[in-house]
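Take the sequences, apply the hints, and build the full model.
These protein sequence lines are chains A and U, in that order. Numbering-wise, the numbering used here puts 170 at position 170 of the first sequence, and it's gapless, one number per residue. Numbering-wise, the numbering used here puts 25 at position 25 of the second sequence, and it's gapless, one number per residue.
Among these hints, one or two may not hold up.
List time: in silico DMTMM-like cross-link candidates among lysine to aspartate or glutamate, alpha-carbon distance up to 20 Å [unchecked claim]: (1) U:220 - U:209; (2) A:71 - A:81; (3) U:220 - A:136; (4) A:197 - A:221; (5) A:197 - A:244; (6) U:42 - U:168; (7) A:197 - A:156; (8) U:20 - A:137; (9) U:20 - A:226.
Think of the hints as simulated: they come from the structure by calculation, not from any bench. Because the structure is a prediction, the values reported are computed rather than measured.
Letter by letter, the chains look like this.
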Amino acid sequence: MNAVIKSLAEVTPPVGRDILLRATGIEKRFGAVVAASGIEIAVGVGERVSLIGSNGAGKTTFVNMITGYLKPDTGSILLGDRDITRLAPRQITQLGVARSFQIPQLFQELSVLDNMLVATACRENRLSFWQTARRDDAVDRADALLARFNLTEHRERRVAELPGGVRKLLDIAMAMTGQPRLLLLDEPTSGVSAEEKFPMMEIIMTALGQEPMTVLFVEHDMDIVERYADRVVAFYSGRIIADDTPQAALATDDVRRYVTGTLRQE
Amino acid sequence: MQSIPLSSSPFGASRTSHRKAVLLAGLAFIAVLVVAGAFMPKWLTFLLTMAASHGLVSLGIVLLMRGGVVSFGQGLVFAVGGYAAALAFNKLGITDALGLALMGGVAALVVAAPFAPMLARYRGIFFAMLTLALSMVCYGVLVKTNALGGSDGFNMGRATLFGQKLSDARVGYALYGVTIAFSGVMALLARAYFDSTRGLVTQAVRENELRVEYLGGSVKQAMSINFLLAAFVGGAGGALTVMSLGHIDPNFSYWTTSGEFVFVAILAGWQSVLAVFVASTLLEIVRSFSSLYFPNTWQLSLGLFLLLMIRFLPRGIGSLWVDRVGGKRAKGGRA
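See below:
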């Protein structure tokens, strides 16, 4: 496996694309647990990259380090030319990085529209003591995004009343306000029934379709990975064990052994 | 980069005009109250003056509650505002009622400012107890400071209004008018703030701080600003109170005084500005009549009253009309 890891630094810079995100030499430990070890990755502008791996492999830790929730013990993360390794989540967000969460992080007692308006207000950094939150241009933008995510019918409902799938979509729609350069989706289809997964991903990808943003999404369903990712990065025990096109990555022995389980472990 | 289309909203329209209507209705209501005061008995104008000035302090607590914290120490800003106004009157010769009210607010804001960044980091019982501790430190300092009258406090003279001295016959009504107008304008500004982008983000902080940070908002800034706004209105409330009472003492900062402001805020709920003043008036009525008819057990009546309110209106008096309006909006699918 070491040979594979060693060669990844040469493989990762995508050909013909400007690099948007580059993580170098990332290490992260929680006591004796290695959450990230020697992570080297470069993501090009406009790429759709899926992060795969079994539970505890280090995917969400990696996402948390990109978004500033966790700081790596060593290594650096660059967004374009800017070092974001030690920045706070708020600062990283203002540089154009947005994320959704495995468990949607919403404002339960507010309406769907108000959730979107909070997102708009925070992103635009136009907080005012006087200007109404429901000003026409903000509402129009929120409505346009809600429409793209098929959420218009839920517009005035309190989030606490919404079903899980709708919350997931709202979580992502909120992340989309302000048109981020890099969008990280943490298990966008988790907790959704098998038959709803593809329609939901279809809504998400259609909504993202018009935007040239770069997307990293953590996913456990390999059918979804194969259909929607340009590239797959597989994690195991805090290390990257594969980084290639979906077909190539999913065919490697390490991924079949440690991630998909289609090859019996030795 | 393609921008998100600015389609015309199917729901849109008339938010601005609705807001203007609310503000105009509010101003008209204030004018009616001021005019009506001329026909009220003195005991009632005094009761409403106290309700409005104390309501300002509770309004500050409601501002904080919207961000998810409750201050048990608003007596601090109440006392600072009151002492500042009384000292400005006695020592600096500033006598205008409106000027003194503003001075009380600014003094409380200045005293609160150094603590705002620290308090913005705390939540729940820690925030409540820290604010309580600050108010009790203030109480201790005031009791021990002879230059400020120690535990007896000191008197202040009669305020003026726009350069006019107020006669015995006019002073009560004039201070009532000033207090109602000042509190009313503060209430309308608070209403506008609740509806503003900052106000909405404050509510979001109450719900989910993590997400606010991940959307690029500053939780610490939101909490600090709310604390300072609460200090300003609390200080102004203290100044208006001391003008009507003509006397101030350290009890303004005592924990039981802070407790009454919290009582009103809980009674009102955090959703409505108007409810704060309704609750404050109710408290003054219950207090006045209970102390008249049950002088030794009026706190018991107050406690029973609060218990009943919590049992039947757990979201406060404001929920009587806010929830109804919210329900209609959800049903109609319109803002």
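Which hint numbers does the structure go against, in order from smallest to largest?
-> Hints 3, 5, 7, 9 not satisfied by this model.
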